[in-house]
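Peer 1: So you can see what is in the structure, the chains are spelled out below.
Number of protein chains: 2
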Amino acid sequence: MTPDAEIIAVGSEMLTSQRVDTNSLFITDHLNALGVEVRRKVIVGDDRALLTDAVRHALEHAGIVILTGGLGPTEDDLTRESVAEALGRTLVFRQDLCDAIEERFRRRQRKMAEINKRQAYLIDGAEVLPNPSGTAVGQWIALNEEQEDGRVVMLLPGPPGEMKPMFTDQCVPRLAQRLPAQVIRARFYRVTGMTESDLDQLIAPVYKKYTNPATTILASPGDIQVHLRARCSTAEEAERLLAEVGDPIEELLGERIFSKNGDSLEALVGALLRERGATVAVAESCTGGMVAERLTSIAGSSDYFIGGFLVYSNKMKQDALGVDAALIAEHTAVSGEVARAMAEAARVRTGATYAVSTTGEAGPESASGVPVGTVYLGLASPERTQAVRVTFPGDRLRVRLFATQGALDYLRRRLLGRA
Amino acid sequence: MTPDAEIIAVGSEMLTSQRVDTNSLFITDHLNALGVEVRRKVIVGDDRALLTDAVRHALEHAGIVILTGGLGPTEDDLTRESVAEALGRTLVFRQDLCDAIEERFRRRQRKMAEINKRQAYLIDGAEVLPNPSGTAVGQWIALNEEQEDGRVVMLLPGPPGEMKPMFTDQCVPRLAQRLPAQVIRARFYRVTGMTESDLDQLIAPVYKKYTNPATTILASPGDIQVHLRARCSTAEEAERLLAEVGDPIEELLGERIFSKNGDSLEALVGALLRERGATVAVAESCTGGMVAERLTSIAGSSDYFIGGFLVYSNKMKQDALGVDAALIAEHTAVSGEVARAMAEAARVRTGATYAVSTTGEAGPESASGVPVGTVYLGLASPERTQAVRVTFPGDRLRVRLFATQGALDYLRRRLLGRA
Numbered sequence: 001m002t003p004d005a006e007i008i009a010v011g012s013e014m015l016t017s018q019r020v021d022t023n024s025l026f027i028t029d030h031l032n033a034l035g036v037e038v039r040r041k042v043i044v045g046d047d048r049a050l051l052t053d054a055v056r057h058a059l060e061h062a063g064i065v066i067l068t069g070g071l072g073p074t075e076d077d078l079t080r081e082s083v084a085e086a087l088g089r090t091l092v093f094r095q096d097l098c099d100a101i102e103e104r105f106r107r108r109q110r111k112m113a114e115i116n117k118r119q120a121y122l123i124d125g126a127e128v129l130p131n132p133s134g135t136a137v138g139q140w141i142a143l144n145e146e147q148e149d150g151r152v153v154m155l156l157p158g159p160p161g162e163m164k165p166m167f168t169d170q171c172v173p174r175l176a177q178r179l180p181a182q183v184i185r186a187r188f189y190r191v192t193g194m195t196e197s198d199l200d201q202l203i204a205p206v207y208k209k210y211t212n213p214a215t216t217i218l219a220s221p222g223d224i225q226v227h228l229r230a231r232c233s234t235a236e237e238a239e240r241l242l243a244e245v246g247d248p249i250e251e252l253l254g255e256r257i258f259s260k261n262g263d264s265l266e267a268l269v270g271a272l273l274r275e276r277g278a279t280v281a282v283a284e285s286c287t288g289g290m291v292a293e294r295l296t297s298i299a300g301s302s303d304y305f306i307g308g309f310l311v312y313s314n315k316m317k318q319d320a321l322g323v324d325a326a327l328i329a330e331h332t333a334v335s336g337e338v339a340r341a342m343a344e345a346a347r348v349r350t351g352a353t354y355a356v357s358t359t360g361e362a363g364p365e366s367a368s369g370v371p372v373g374t375v376y377l378g379l380a381s382p383e384r385t386q387a388v389r390v391t392f393p394g395d396r397l398r399v400r401l402f403a404t405q406g407a408l409d410y411l412r413r414r415l416l417g418r419a
Numbered sequence: 001m002t003p004d005a006e007i008i009a010v011g012s013e014m015l016t017s018q019r020v021d022t023n024s025l026f027i028t029d030h031l032n033a034l035g036v037e038v039r040r041k042v043i044v045g046d047d048r049a050l051l052t053d054a055v056r057h058a059l060e061h062a063g064i065v066i067l068t069g070g071l072g073p074t075e076d077d078l079t080r081e082s083v084a085e086a087l088g089r090t091l092v093f094r095q096d097l098c099d100a101i102e103e104r105f106r107r108r109q110r111k112m113a114e115i116n117k118r119q120a121y122l123i124d125g126a127e128v129l130p131n132p133s134g135t136a137v138g139q140w141i142a143l144n145e146e147q148e149d150g151r152v153v154m155l156l157p158g159p160p161g162e163m164k165p166m167f168t169d170q171c172v173p174r175l176a177q178r179l180p181a182q183v184i185r186a187r188f189y190r191v192t193g194m195t196e197s198d199l200d201q202l203i204a205p206v207y208k209k210y211t212n213p214a215t216t217i218l219a220s221p222g223d224i225q226v227h228l229r230a231r232c233s234t235a236e237e238a239e240r241l242l243a244e245v246g247d248p249i250e251e252l253l254g255e256r257i258f259s260k261n262g263d264s265l266e267a268l269v270g271a272l273l274r275e276r277g278a279t280v281a282v283a284e285s286c287t288g289g290m291v292a293e294r295l296t297s298i299a300g301s302s303d304y305f306i307g308g309f310l311v312y313s314n315k316m317k318q319d320a321l322g323v324d325a326a327l328i329a330e331h332t333a334v335s336g337e338v339a340r341a342m343a344e345a346a347r348v349r350t351g352a353t354y355a356v357s358t359t360g361e362a363g364p365e366s367a368s369g370v371p372v373g374t375v376y377l378g379l380a381s382p383e384r385t386q387a388v389r390v391t392f393p394g395d396r397l398r399v400r401l402f403a404t405q406g407a408l409d410y411l412r413r414r415l416l417g418r419a
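The listed protein sequences derive, respectively, from chains A and B.
Position 143 of the first sequence, counting from 1, maps to 143 under our numbering, and the rest follow consecutively.
Position 381 of the second sequence, counting from 1, maps to 381 under our numbering, and the rest follow consecutively.
Hints in this document: simulated from the structure, not taken from any laboratory.
Keep in mind that a hint or two might mislead.
[Unchecked claim] Straight-line distance between alpha carbons at most 20 Å, and here's what the computed EDC-like set of lysine to aspartate or glutamate pairs gives:
1. LYS209/A <-> ASP198/A
2. LYS208/B <-> ASP198/A
3. LYS164/A <-> ASP395/B
[Claimed, not checked] Label pairs and their computed distance ranges (CB to CB):
4. ALA49/B <-> GLU236/A: 33 to 39 Å
5. PHE188/B <-> GLU127/A: 56 to 62 Å
6. ARG106/A <-> PHE188/B: 51 to 57 Å
7. ARG104/B <-> THR22/A: 56 to 62 Å
Just so it is clear, CB atoms sit at the ideal spot from N, CA and C, and this is done for glycine as well.
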């Protein structure tokens with residue numbers, strides 16, 4: 001039988017009106033993929049008695065108990081002590097962990113603070129879950145191994161950047177090993193260039209007929225994720241069901257699917273540029289650096305990303321890119337003409353194979369008179385220089401996110417000979 | 001004594017990876033204003049045994065137990081039954097409630113479905129909390145009134161549009177009447193330029209002596225938040241305690257506190273530039289647009305942000321900014337000399353009052369030979385052009401986040417005449 005899970009988010013800040021626990025969403029996604037259901041979530045402050053009580057209570061109901069947060073070095077980080085108390089185990093100082101933390105500080109020419117020693121205590125019997133991004137190691141505790149009790153408790157750090165890789169790299173494989181053989185096969189599409197409701201209207205007639213595979217649709221600006229998950233006793237059966245639902249969906253969505261393996265648009269564009277030995281530059285106005293930020297978030301992007309121009313003011317468009325003042329006066333800065341001129345100039349001035357440009361009104365006010373949400377995306381390549389007009393819904397941040405995604409997708413489609 | 005509160009969000013959909021409970025944030029805000037702390041939040045699915053257990057458990061720890069959701073008409077709406085069971089009370093059919101629901105349907109020319117009768121059951125002894133926006137009435141249960149036990153349980157509908165008016169109009173006044181007059185006052189500092197453990201070592205001797213105000217410390221790359229919350233019977237007393245702890249903390253942290261009202265660094269820098277009628281440009285290498293993205297995330301930033309240069313490659317540093325190839329050859333691109341030359345050129349070429357630059361090794365590999373995590377931040381202003389060397393821990397993303405925050409903070413300190 002597959003055990004249920006309970007997730008405990010630790011930290012008084014999670015009990016303020018400004019913060020929600022989002023770590024549990026990531027964890028839930030991965031647990032579900034393993035066939036594990038989350039039965040309860042608890043959010044508790046930095047209070048030893050309440051936290052200890054929460055762990056005890058969770059262990060009465062759940063086979064898998066996952067705690068996030070409270071592993072820092074300060075006095076209000078109480079997860080280690082509370083779990084140890086709830087389990088009736090001691091905390092053991094581990095010199096090797098202490099040495100590793102000290103070494104981490106030394107590498108940065110800094111001295112470890114005395115309080116960081118708190119992070120070198122392990123609950124008796126726990127396995128260390130290494131944390132490449134921070135000083136707080138995680139802990140994995142399998143209870144009563146000899147009695148085949150099967151319950152496990154995990155202590156994970158609170159910062160998502162540390163928790164996520166630890167959970168996927170360390171906890172998911174350990175859990176998969178313990179759980180009953182059940183085959184889960186998944187397909188995962190990332191889609192851009194349409195709204196969530198248009199997408200749903202298009203593909204619902206296909207997936208609605210099935211509860212297995214389960215279909216989940218998740219939207220963020222310019223990036224809709226479609227998950228199909230089949231849960232069967234054999235791989236063949238799961239793959240057959242996935243094909244039955246997934247193949248027609250792929251047909252319907254066509255090139256709007258930009259990734260079938262979870263890769264981000266910037267990773268994909270980077271790979272396409274690298275394959276072709278090509279380079280790219282940017283000329284950004286309304287996105288203010290977001291296109292470049294996405295491109296350079298990929299390790300090794302210096303192989304194909306040359307750089308670019310942030311031409312927020314009209315004067316910068318003229319000075320840095322030589323966009324004709326008369327062109328701006330005639331068409332306004334938010335126009336296809338200016339977007340094309342920006343892309344072309346960025347390509348010529350940097351010597352890049354491709355250049356993308358953005359100019360638009362992100363709001364809340366419109367400076368050009370063009371309606372807020374209107375963005376022109378320009379693209380210069382050896383074949384031709386073009387611009388497209390797009391309109392995006394939402395506030396300033398959403399318009400900028402959509403425009404950034406749109407610019408990267410425009411480049412993707414050009415790289416694939418489809419735009 | 002003011003009781004603590006526990007909030008229980010009911011609904012299996014709240015345990016999926018797509019949904020978070022946000023009702024509790026609204027409720028928390030109002031409770032805090034009444035001097036009530038939320039000690040724990042629980043999210044539980046549509047499972048009668050678990051829900052009953054959650055209510056029982058909550059009543060052991062909290063004087064105020066608030067449930068949201070599970071008051072609908074369907075079989076999986078189990079809050080009424082579960083709370084009744086946990087309290088050992090019966091459910092009583094109320095003809096007047098049933099009539100009101102029927103009337104509601106009739107007004108819309110519809111017939112009440114049989115299952116809606118479930119919504120006409122009240123827990124014995126409960127007061128009705130009317131719901132002008134839906135068929136699910138809320139319930140207010142004061143326990144053991146005669147023994148002055150003081151504990152209360154509230155059942156509120158899940159849809160925020162129904163829950164919010166019910167809570168503010170019906171529950172807040174009832175709570176205010178029962179609670180001792182109490183106020184909460186808070187201070188909130190955002191700090192940069194030091195690590196969480198250094199900060200804690202510095203200020204722990206001050207705040208450790210106090211449980212009131214309560215101190216919470218929260219860190220993200222380059223941005224540490226310190227919350228102080230005092231809970232007292234009078235505003236004067238709360239302010240006095242806050243000053244007792246907050247004033248020495250402010251003294252110790254000094255200019256590393258960049259905000260006392262929650263404002264982000266980019267909002268603050270924007271306000272300082274605007275005040276001075278000054279403008280800013282950027283020259284970004286390792287941060288690849290992230291400094292500009294932060295600056296332009298603020299509405300109206302076109303008043304002070306001119307634009308800039310993304311000089312990722314050495315050739316771009318030379319072509320777009322005129323950085324001397326010999327300078328790069330002598331010092332490498334990751335050097336104070338190059339950071340200064342970048343900032344100076346960006347300032348001259350854009351005519352901006354200030355220009356900030358970044359050049360560093362974000363990893364995972366080092367191209368220049370300089371250790372990964374090393375970043376030079378340059379700053380040009382009317383007074384002088386300087387650069388500082390900083391080293392940041394963590395992976396590519398963290399180094400870039402730290403460097404971005406560092407660049408904005410360098411500008412902030414210069415704007416304040418402190419760098």
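Peer 1: Indicate, hint by hint, whether the structure satisfies it.
Peer 2: Consistency of the hints with the structure:
no., hint, verdict
1, LYS209/A <-> ASP198/A, "holds, 19 Å"
2, LYS208/B <-> ASP198/A, "violated, 55 Å"
3, LYS164/A <-> ASP395/B, "holds, 13 Å"
4, ALA49/B <-> GLU236/A: 33 to 39 Å, "holds, 38 Å"
5, PHE188/B <-> GLU127/A: 56 to 62 Å, "violated, 38 Å"
6, ARG106/A <-> PHE188/B: 51 to 57 Å, "violated, 34 Å"
7, ARG104/B <-> THR22/A: 56 to 62 Å, "violated, 37 Å"
Of the numbered hints stated above, those contradicted by the structure are hints 2, 5, 6 and 7, listed in ascending order.
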